[in-house]
Structures are given as structure tokens and as C-alpha cells.
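Chains X and L, in that order, give the protein sequences. Just so you know, full-length UniProt numbering puts 348 at position 348 of the first sequence, and the rest follows in order with no gaps. Just so you know, full-length UniProt numbering puts 210 at position 210 of the second sequence, and the rest follows in order with no gaps.
Everything labelled a hint here was simulated from the structure, so no lab data went into it. Glycine is no exception: its CB is placed at the ideal position from the N, C-alpha and C atoms. Hints should not be assumed to be uniformly reliable.
Said to hold, decoys possible - The list that follows gives simulated cross-link-like pairs (lysine to aspartate or glutamate, EDC-like), each with its CA atoms no further than 20 angstroms apart: (1) X:K486 / X:E541; (2) L:K127 / L:E107; (3) X:K341 / X:E201; (4) X:K291 / X:E198; (5) X:K82 / L:D372; (6) X:K87 / L:D372; (7) L:K127 / L:E112; (8) L:K566 / X:D642; (9) L:K551 / L:E618; (10) X:K76 / X:D97; (11) L:K567 / X:D642; (12) L:K551 / L:E625.
Stated by the list, open to error - What the simulated footprint calls covered on chain L by chain X, stretch by stretch (three residues with Cβ under 8 angstroms from a Cβ of chain X suffice, anywhere in the stretch; the number is not a length): (13) 370–376; (14) 503–509; (15) 515–528.
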Amino acid sequence: MAPAVCGTLLGLAMYASGLCAVSGAAFLYRDYCVIGAGPAGLQAAYFLQRAGRDYVVFERSHAPGSFFALYPRHRKLISINKHYTGKSNSEFNLRHDWNSLLSHDRRLLFRRYSRDFFPNADTMVRYLEDFASLLKLRVQYNTAIIHVTLEKNEQAWNGHYFLLTDQDKKNYKCSSLLVAAGTWVPNVVNFPGSEYVEGYETVSINPEDFTGQTVLILGRGNSAFETAENILGVTNFIHMVSRSRVRLSWATHYVGDLRAINNGLLDTYQLKSLDGLLEGDLEDLAIVKDKKGKLHITLRFYLENRNISAGIDSITLPQDELDNFATRAPYDRVIRCLGWKFDFSIYNRSLRMMPGKGNIKKYPQIKPSYESRGTRGLFVLGTASHSVDFRKSAGGFIHGFRYTTRAVHRLLENRHHGVPWPSTVYPITQLTNSIIKRVNEASGLYQMFSVLADIILLRENATAFEYLEEYPVGVLAELEMQTGRKAHNGLFVIIMEYGRNFSGADKDVFYYNRAVGEAQHAWQSNFLHPVIYYYKHLPTEREMRLRPPDWPLPRPNAIHHIVEDFLTDWTAPNAHILPLRRFLENCLGTDLRNFFAESCFLFAFTHQKLPPSCQQGYIRMQGLLGSQELRQHAVQAGLLQDYTPTDLSGDRPPDSHHGSQEHLTRDHGIPLRPLQHLVNAKDEL
Amino acid sequence: MPAQKDRWVSFLVFLLFSISQCGSASLQQEPSPQHYFSGLEAGKASLQGLVRVNCPKEDVSRYCGKENALRKAFLFRGNRLIREFPTDALFDVNSIVANVLALLFNEVKYVETLADLENIENVLKGKSNMVFAYVPATGTAEHRAVMEAAFVYGTIHQFVLTTEAALLKATSPDDPDVSSAWLLFCHCQQVPEPAQACRRTALAQPLTLLNIHRHLKLMGAPLVTEVAEDPEKISTVHLQLGLPLVFILSQKDTYEADRRTAEFVAWQLLGKAGVALLSRDLVELNVLQRSNVALKTPDEVGGWISSLDSSALERVVGCLLISAIDLPAFPEAQGEVSFLIIQRICGFPIPGMFFSTLGTPGVLLSRVNCWDWPGLCSQENVTQFPTLRIYQQGQQPVTYGGMWGAEELSSFILLQVPCPLKLATMAEAEGYLRGEFPSELPSHHHTSLLGVFSSATSRGLLGLVGLKYSVSPPALLLARSGGRSVEGIALSEHSVQDMLQMIRYELLDIFPEITVPNLPQYLQLGKPFLILFSAGDISQVESEEMLKLAKGRPQQTFVVCWLNLKKTPVGYGILRTHFSTTPPLPLLLWVNLHAGGQVFKFPSEQPITEMNILLWLEKLQAGLEIPSSKWAQVYNVPKHTLHCSQELGLACAVSVKVLRSSHWCVTAIYVMAVSEVPP
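So here's chain X without its partners, still in its complex pose:
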């Protein structure tokens, strides 16, 4: 009985103290509980705090960012901290700042903490400490959540409460659980002799300890290469073994793959300087120690039905049969650098926190909305949420999950507090402008390409539109329910994509003519570029499910690629803006050009329906009259016609423009009328 009573009393007196008694044991209640005070946990706390929500963050360590206090072992972060971009646009500059969390406080930009392009991990720890303390985030340190279970309650937000227990058996009760615990359980492979293997988490980082040694490293990720890089100069040689081939991040466009900063071993391997790289299944491996303490590689196959303790002499080594076996030389050390996985152990069965399948088994299964597939109200944030875009986008890294965390917060605000997704309503005349602005500066779209998208919801008759930023595109079908906004009149989705078939571990990303420059080839763009999808109706769940593999969205009514740009600057009038405007005009059947007041005046006396820029500007007494100077300029540029009587003679021969107008007319069916100059493509430039 006690729990139910407590539940109903939450809104009353007990709410204030947050304390409730369950069967004699006291527990603390919070609307939101966040597990982990790493970057994602603190980022979530920041948004909850700004929204005035009742929350607490549990952190097992005495300070934030305990993962960074230990890792990376060699202390160099490989997330870039770019100080100079030549631009003052703070949003744009975040595109090249991979370490900062989002906040309103300009002191909390990572560039203020380190000048290094690849900063030290201690700086990250200091940054996170400041982030928590300067923003006064409510973090409860030294609290390790060791068990999470559910308590059914019909009145709870999600039909149940989350009951958390810490290491001191203290209990906590929450309506919504945000898991930002990261992936910190080291991946271990068990094979005969694996007891001789040292783990990345404890291996020495002093190169002197490796002097003159022969080292085998298991794994081929950044931690493996980072370890190799540190000892490359002092070892006899290093071999690196992993199941699959090395994936270079500059070829895959995925920041989690091997970054160029750590890949010295690739050099020494390919230049035949003794070090080497091998592919093989670690599960088939076995290690045997000889009397001198050297480690020999053999295969599990040879060990079957044999007793290792019988001594090395009784064991067959591959070289006994194959005398040029690659790893026949004995090793002094074997180091395991196989990455980490999510800690599934603390969740009660009833939460159904299941590992993903295949290469995402280190992450819990979640929906594209970051909500657990097993439990409503449980959201996974940060690195642990990377299954949504593993090996694609940046959702497993600070510069990506700072945006997905914000997206989750917005979903929660709408779901639990009736605060719809933030949006801005603009008149339709600002449509081209709004898109160009966002594709040029937005950092969330840029980092979380193909995952977060801006949504433009059209109002009736396309006279206005509503702009929603950075919505998780995987739940587009649920947009109305998730955002509290209506999409009755069609929508545009603005997303950024790499060209299909361009990125990949085995792809040549330097081939000749890899980039396209002309607008008509935009759809063949390979590098990251904006793509605009137009839907007359919101795609359904079924359409989302049946979308082609590797497509972020189902087939739209129309699509437009803005051609890739070497400078990622999509502001060229002819190559970027004009094609975009034409596309939007085609979708909407409206004219998005801006007209001078004088042109609107002429339209008013000669046409029944005016273009939106006249309707929303001139007719509401906000037209662009300009000054004499501006008029002259417009006339010279061919944007306005000069009607002054000197120009006027009834049967004047066609002027120089005439020929080109006829040409246009013939080709494109634009009627030749005295207003032809107003239909000039240059009007809007």
C-alpha cells in the first residue's frame, strides 16, 4: 500500500521534500534521474535545470567525467579544438569545436580551457567540473547506482516508476530515467592463455617499460593505435591483430574509426619497418607461455584435448606445421585494446535492457527517439546511445550527443510538460533565407548528419511556415505526437548527407573528380551537403519502415540537393540559392522572389493575385521603395525597368535584352509580356 500512497502524494506535501517512505525504507523522489555525470549526463542536467525541472544526477565518482580521468590512457583527446575559423558566428564555430557542451555561458567554451588542437584529457575533466559547478547542476557524487527496477503505478508518467538503489542501499524513485552511463566495461575475449593478456585500462604508459620488447596488441581501434604510437620507437616490433580490417576515419567519414593522428603504425607496417597488422578471429587464438616467460601464439584448435599445464613442449605451435607462420616469433607482452561496452548488469529483467545485435551489441537497444525499446520513459543518452548511428554519424561523441541530448530533452518537455517543440513562424517570403541560414551555420545538422534534421511545417496555402530545429529524423512519422506541432499542409525536411557509396573502409576517397561543382550534378555530390526533402503528407510509420536501406527518409514527393561546396559555404547566388529557390517554388507553386515596391505597384494594377513578397510586404505598407540611388542601381542591374517618358516610344525596336527574352520564352514557355523584366531570374539576387 505504501508505494501507491506515496505516488499520489507526490504532488502534495511530500513532493517538496522529495522524501517518501516505502515499507519503512526512506527514498528520494525526483521527476528525472540521470545516471552518470559525464558529458551527456551534465548536458542533460543543463537542459533540465534551464527548464526548471525536478532532477538529480547520480555519479559514482567524487567528480564529473570519471571516464576521462582515466581514459584515454595516454591523455591526448582526439576531438578537435579549433580556435580559428575566420568567422564570428558562434553557432558555425561549434562545428569545429568537438569538446564544448551546449550552454548559454560563453565562459564554458572549450577553447577557453585549452589551446591545443588535440587537448589533454585532464582539461576535459577540469572543463566538466567547471560545467557542473558554474551552472550549479544538481549532481549527487559518490553514488553508484547498482540496481534499477520498475514499480508499476497507473498514475506514473509512464505507467511505472523507476526504483534505483545505490551502493549504500539508499533508494531513489524517479518518473523518468535518463541513462548517460557511457560504455565503460572493457570488452574481454576469453581464450586459452588470455590470463597473460594485459588490459588497456592498466597497461603501463611509460615507453621505457617496453624497451626492446616485442608486443602484440589485440584490437585495431583508436585505443590500440594510441597504445602502439606511444611505444613505437622503443619496441622491437609491434603486431596488431583484429577480426576485421582497419577502418580509417578519413575514408569512412566516421570519427570513431582510426584517426590519422594515431596511425604511425600503418606507416611502419607498409614501409616494412618490422611492425605489422594482421586479421584473425581472436576467439580462435590461444597463448602459451614458455619457460622464459615468452608468449607464443597458437590456435585453440591445437589445444583441444590437451592440458596447457603439461608444458609448452607438448603443445603444437602453428609453425611446427607451417614454418613461415606469420606470428611465429614469441612476444614479450600481449595487450588487449578492444574497447568498452555498456553495463547491462544493473538493470532488472523487467526493464528489458537488451544488447543490440551484431556490431552494436555493446550498446543497449533503443529507438530512434533514444527511448529504450524495452521500457517506456527510459532514455539512453551519450555514448551508450550510439546504436542509432553507429559507424555513421557522431552520436557517440560529445560533438554529436550534445545535440541528441537536447533533442531528447525537447521530446520530454512535450511529452510530460506540454511544452511543444520550440519553433519560429516566418512568412513564406523568408523560406529560402531560413534554409540558407541554417545549412550554413547550424552545427547540430552538420555533426549529426542524417540523424537530426530541421523540419519546415507549412501553414495553410503556404503563406507562412513553422521552423523546427534538429528533430530526430528516425521518428519523423511521430512528429505531430512528439512535438505538439501540426503538419497538415506538407513539410520540408532539411538534412545533411554524404554521397551514397562514397565513404567506406575500402573506398578510394581521393579519386579524380570526386567532387562535383555544378548545380545540375548536385545529386551526385559526395561530400557532406544539404539535402531538402519535400513531403505533401507526413510519412507514415510504414513508409518509414519500408524506406530503402541506408536512406534516412522514405521517398519524398520531391528532393533537392544543394551542391557540395569545398568551403562548406552554401551562399553562392547562382549555384546554391537560385536552384534552391526554384525547387521551393516548384514544390509550393508560389513565387518566392522579392520585388521592389514599384513592381508590386505594377502588379496591383495588372494582376489579380500578387506574389507573396508583394502581399506580405508592399500591400501591408512594408515594400522596398529604396532611394533614388537604389532605384538607379536596380535599373542598371536590369531589375527594374525605367519607364521615364524619354524611354517611351510606341514602336521602339526591341532592346538588347529582347533576344535573350525570346530565347527564354521559346525554351521555357514563359509568356513574353511587358512584365518580362520582372520575371528576370536576377530579381532576387
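Add chain L to chain X, keeping to what the hints say.
Structure of chain L alone, referenced to chain X:
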């Protein structure tokens, strides 16, 4: 009536982030490396190169022979050994260059205490300037930069170096970061007496050779440049280095005061912008008498603006620089001063064009490029471009909602009188209706509205006004053309909206001349137009006849108006659209803009009289007239339909193949779009 002179009207135009990133002043420009290294020419010969000697191999016995010669560096000039030093202090290129320069060139004084620094400063007073640098450690890139700068400038300025954090704290205004280097230029040369302190100008950028060089160049430039040329043509060190130049206009009478002001301003801006004093008597300038400040950036010359007196000038300049340089300072600046920001409209050459002729007292023009400052624009909730906003101390910002024309904008700015304006005497009330009160109102004619409402305090005045204009409160007095006709309008139970509507209606003329700016006001009435096209002013007779027609029926069902083709030449465009050639003028047309879009032409053989027109209108309404033209077509949306043919063929075919849907063909639409742009 307190003078409004010290009132700061502030405006802010957020314009256009729009299409390109134009308008962003290239403030970060730095001189090219060539430019810089030419300055190093003098010192270049001294450091010729580095040679490594491997003792066991090459017998350079004289040096290798010595017991502890290994891992040592020897510095030669010509073939003479100058110095030797251990290489353990030389951990990289920076430390080598810094140390070598330090040895070669022991002119750089190292200080450990504030007293040392002050001693040096005292010695230098009246003689030369000092460059004081703090570096967190020697052998760093910053140390090297300082030493290299000293190598070039050491003969001109005294260089002083420290690594003591305490000295940094003593010389830096706020809590400094001890891990960052810091450089001060101390202006000691101009200090006349030892008791006076040297002014100091800190280097605001990171300590690099280029930045130090730039800083020293700026410090070396004249404080105030006196110019006698067109501002367009002038170029100074500041502009060359990508910094703005502030022009202050002076006159013979006020030269001394202007010079002092300019110097004061220049000290405030030192290192950030230059100041030039431009004599009004020497240059023919088309600038209003009261305008006295302009800003030139490397890109453009801004419009002249004015400030009331020289004490306020520096605030004006400060604001200009806020708008041009340091926009993040906006929220703080907003509290104390007020300004107007105008942004360049991309594609139009209009630096301050709307306002260049204004010269409004106390108005500061400023601009925000929303591409550069997205945070500010979203904080100020700017969603349309261009946006013009007035910020006035202690008041809510006002967003401009009118036509974007020079005259309209200037009236808007000039009409920023307190609202509501409180009148205390009958004279003030009459003056107001005549457009003469308050005095800062622009003198050009406008319409005045006076609300007559009862209030406990002003009963006496109320009675007088009510009596004179025979209205009883609540009522409105509407004065046109300088108060020559004052109309009283009784107010009954109207909502604000109704009242606004009524005022708008009352403001309309009976027989207006239609122009581009005023058409929307008449369009709102939703009535057909009877419009007389005239090649110039209409004749007295026609005017009288038309006026009779207009006044004849008070509740007119149509708008009677005329159009002066000389003033509104776009009218020819209208005529050309409806008639193949321009018909003889004057020409009377019946145009129903709202229904059917029919155009009827009054028979040109008939004289334009009230009677003739009324008869014609009757026939017209009876459906007996044939429309001369009808623009039945709705406004033609330019269609960019895609045909997978001709030049599009390839792109389309491929896209269809790849995407397996004809819908997707629109991908290639821009082929057509681009071809429409003239080469």
C-alpha cells in the same frame, strides 16, 4: 519644456543575413607575410643558419677536442666565436631562436619586480617608449615572438621582459590568466614630467610576431591624422591593417575643441581604430552641418552621423565600434547608450544609404549582420530581414513597420517624440496642431492628431481646447497641412482597433494622387478605382471636376484618384500592359482591382466633367460598356517544370535510373534555372 537635446534616441536595424555573407568587415585582416618580412630585412643577415657537427666523423678538433664540448651550441659571426651555450636549454626551434636572439642582443631587459619595471619606465619618460612583455616561460613561441620583435624594433623602443606572474597581475587590469602571454605598449616618450605615469595600451590579440608587429605599427602611427581629402580616397595604417577609421569633422571656429575631442577619442580607440580629423573648410562635403562623425572600414565609408556635442562624441564612436567590431558587447552597451544599426542590403551598394542624408541629432546608426551574430539576432527575436528597430533607453524597442524608403524612414526616426506627448498650455496645444511643437519635430508638413480625453488634472486646458474646436471629450482633433484645417471627430465606444481603422480612414485624401508608397492605403478600402492618368500635374478644370465627383457622394463606393506619370513613371507600365500603345493623355480609367480585374476606358473624345463621368459610370454599371482590357489571369507563378529532354537529358536520365522514380527528376531543375541568368 525641458530640452530633449540630451535624449539619446537609439535605433537598431537588423538587416539581412540573407544571401551572402556580405557586409562583414574584414577586421581580422593582417598584413601579408611578405609585408612583414620586409620589415625584418635588417636583421636577416645576422642569423645565417645552423650547422650540425658530428664530432667522431668530422674533425673540427678545435671544438670537438674539449672535454665537455658535446651537446653544445656555438654562435659565430663571420668566423669569430661569439658565444657557446649548452643545448639542453634548446628544446625546439622556438627556444633556439629565442635564446640566440637573447644572447646576440642583450638589449632586452629582464625584470623581476614591479620596482624594476617602474625604474626603467622612469628613466624612459620623455625619451622613448617601452614594450613590456610577460611570457609564462622562456623558450616558448611567445618568447621567440617578443625576441624577434625586439630584434627589429629594439632600436626604436625599449623592450622589457618578465616571466613573473606577480608582475603580470600588477600590470593587467583584471584577473589575468598566468598561462597566457601579455604585452603592453607604454607611451613614455610623450610624458613630460617624471611624476606622470606612462599610458599603456595592451595587445588584445595572442602574442605572435605578426600581432606584435601590427600593434607596434599602430602605436607608431599618429594619434590623430589630419586630412584634407575626400574620405573615400583616404588610406591610413589602420585601414591597411583592416581596422576602421573614424572621421571627425571639424571647423575653423571649433578646431581646438575638435582636436581635443579627436585626441580623447583616439586614446579610447587606440589599437582598435584610427581617428582622422577632417576640416570642413578644406573639403567640399555634401554633409549636413550637424553631422560630424563617420566611420570608414576597409570595405566602405559609412554615412555621416551626428552627435550633439563633443562630450557625447566619444560615446557615439564607442557605439559605432560596438556595431562594427564587438557586437557581443551589445547587451551591455544597450543599457547606457542607444543606437541605430543599419545593415547593408546584400547586392545593393547602400552603405547607410537610407540614412546618409539624415543627420539626425542624437541618433546613432548601427547595423547587425545576422550571419555574424546569430545569437544576438535570435535573442532580439529578429525573424525577418531587413528589420529596423529603435532602442531607446528605458523604453521597449520599436520595430519599424513601414515602407523601406529614405523619406519614410527618416520621418519615422524624426518622429520619435515621447508618446503620449503631454501638453500643458493652450499655446502648446495650438503649436502642436500646427506642427511646431515640440520643436525637435521635423519642419516638413505632416498631420497631427490630438486626443481630447478628460482627466482630473487638465480640466482647464481641456475646456479651452474643447471650446475652440467645438468638441467634447472623448474626441480627436485632426490637423492637416500645418494646422490650417482642424477637424474634430467625436469618439464614442470604439475599440483601439476601430479607432486605428478610423484614424487611418480619416487620414486618406478625398482625391489623392496615387503614388507607389501610398497605394496600399487606398487598396485597403477594397473599392474600385477611378483613376486619372496624367502626363504631369492635372489641369485646374479637371481637378475641380474630379473633386466635385469625389465630394459629391460622401459614402463613395469607389476611390477617385489621379496618377502623375512624371512622378510615378511606372504608370506607363500599367498603360502598356492594358493597351498596346500608350493612349492619349489625360486618360480616365475605371479599374476594379478586387473583382474580375476589369479595366474600362473613359471615351477620350468626351471632356472630363462630373456629369459625363457619372453618366459613363451608370452605363458601366448597367453592363453597357465593354471592358478595354481584362487581366483575368492570376499572377503567373514562374513555372520551372522539368522536361527530361534536351540539355537536361543526361542528368535526368541518370537521376531517373539511379532513383527509379520520375518524381526525383526535379533534382536536375537548376539546369534551367542557371540558364536563365544572363552570362
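- prompt: CA of K76 (chain X) to CA of D97 (chain X), is that 20 angstroms or under?
  reply: Holds, because 16 angstroms separates the two Cα atoms, which is no more than 20 angstroms.
field: Proximity test - 8 angstroms, beta-carbon atoms, the region 370–376 of chain L to chain X, at least three hits
entry: holds (count 6)
task: Starting from K567 (chain L), check that the Cα of D642 (chain X) is at most 20 angstroms away, please.
output: 12 angstroms, holds
message: For K82 (chain X) and D372 (chain L), compute the direct alpha-carbon distance and say whether it is at most 20 angstroms.
response: Since the Cα atoms of K82 (chain X) and D372 (chain L) sit roughly 18 angstroms apart, the hinted pair holds (cutoff 20 angstroms).
- prompt: Can the restraint linking K551 (chain L) and E625 (chain L) be considered satisfied, given a maximum Cα separation of 20 angstroms?
  reply: Roughly 25 angstroms separates the two Cα atoms, so the pair is violated.
field: chain X over the region 515–528 of chain L, status - at least 3 residues with CB closer than 8 angstroms
entry: holds (count 6)
query: Does K127 (chain L) pair with E112 (chain L) here, judged by a C-alpha cut-off of 20 angstroms?
result: The given pair, whose Cα atoms are some 23 angstroms apart, is violated under the 20 angstroms limit.
message: Hint check: K127 (chain L) vs E107 (chain L), CA-CA at most 20 angstroms. Holds or violated?
response: Roughly 16 angstroms between the alpha carbons, so the hint for K127 (chain L) and E107 (chain L) holds.
- prompt: Taking only the CA atoms, is the gap from K551 (chain L) to E618 (chain L) under or equal to 20 angstroms?
  reply: Holds - the C-alpha atoms of E618 (chain L) and K551 (chain L) are around 18 angstroms apart, at most 20 angstroms.
query: Does K291 (chain X) pair with E198 (chain X) here, judged by a C-alpha cut-off of 20 angstroms?
result: 19 angstroms, holds
message: Just to be careful, I want the Cα atoms of K566 (chain L) and D642 (chain X) compared with a cutoff of 20 angstroms; is the pair within it?
response: 12 angstroms, holds
message: Does D372 (chain L) sit within 20 angstroms of K87 (chain X), going by the straight-line distance between their CA atoms?
response: 7 angstroms, holds
The structure is inconsistent with the numbered hints 7, 12 and 14, although it conforms to all the rest.
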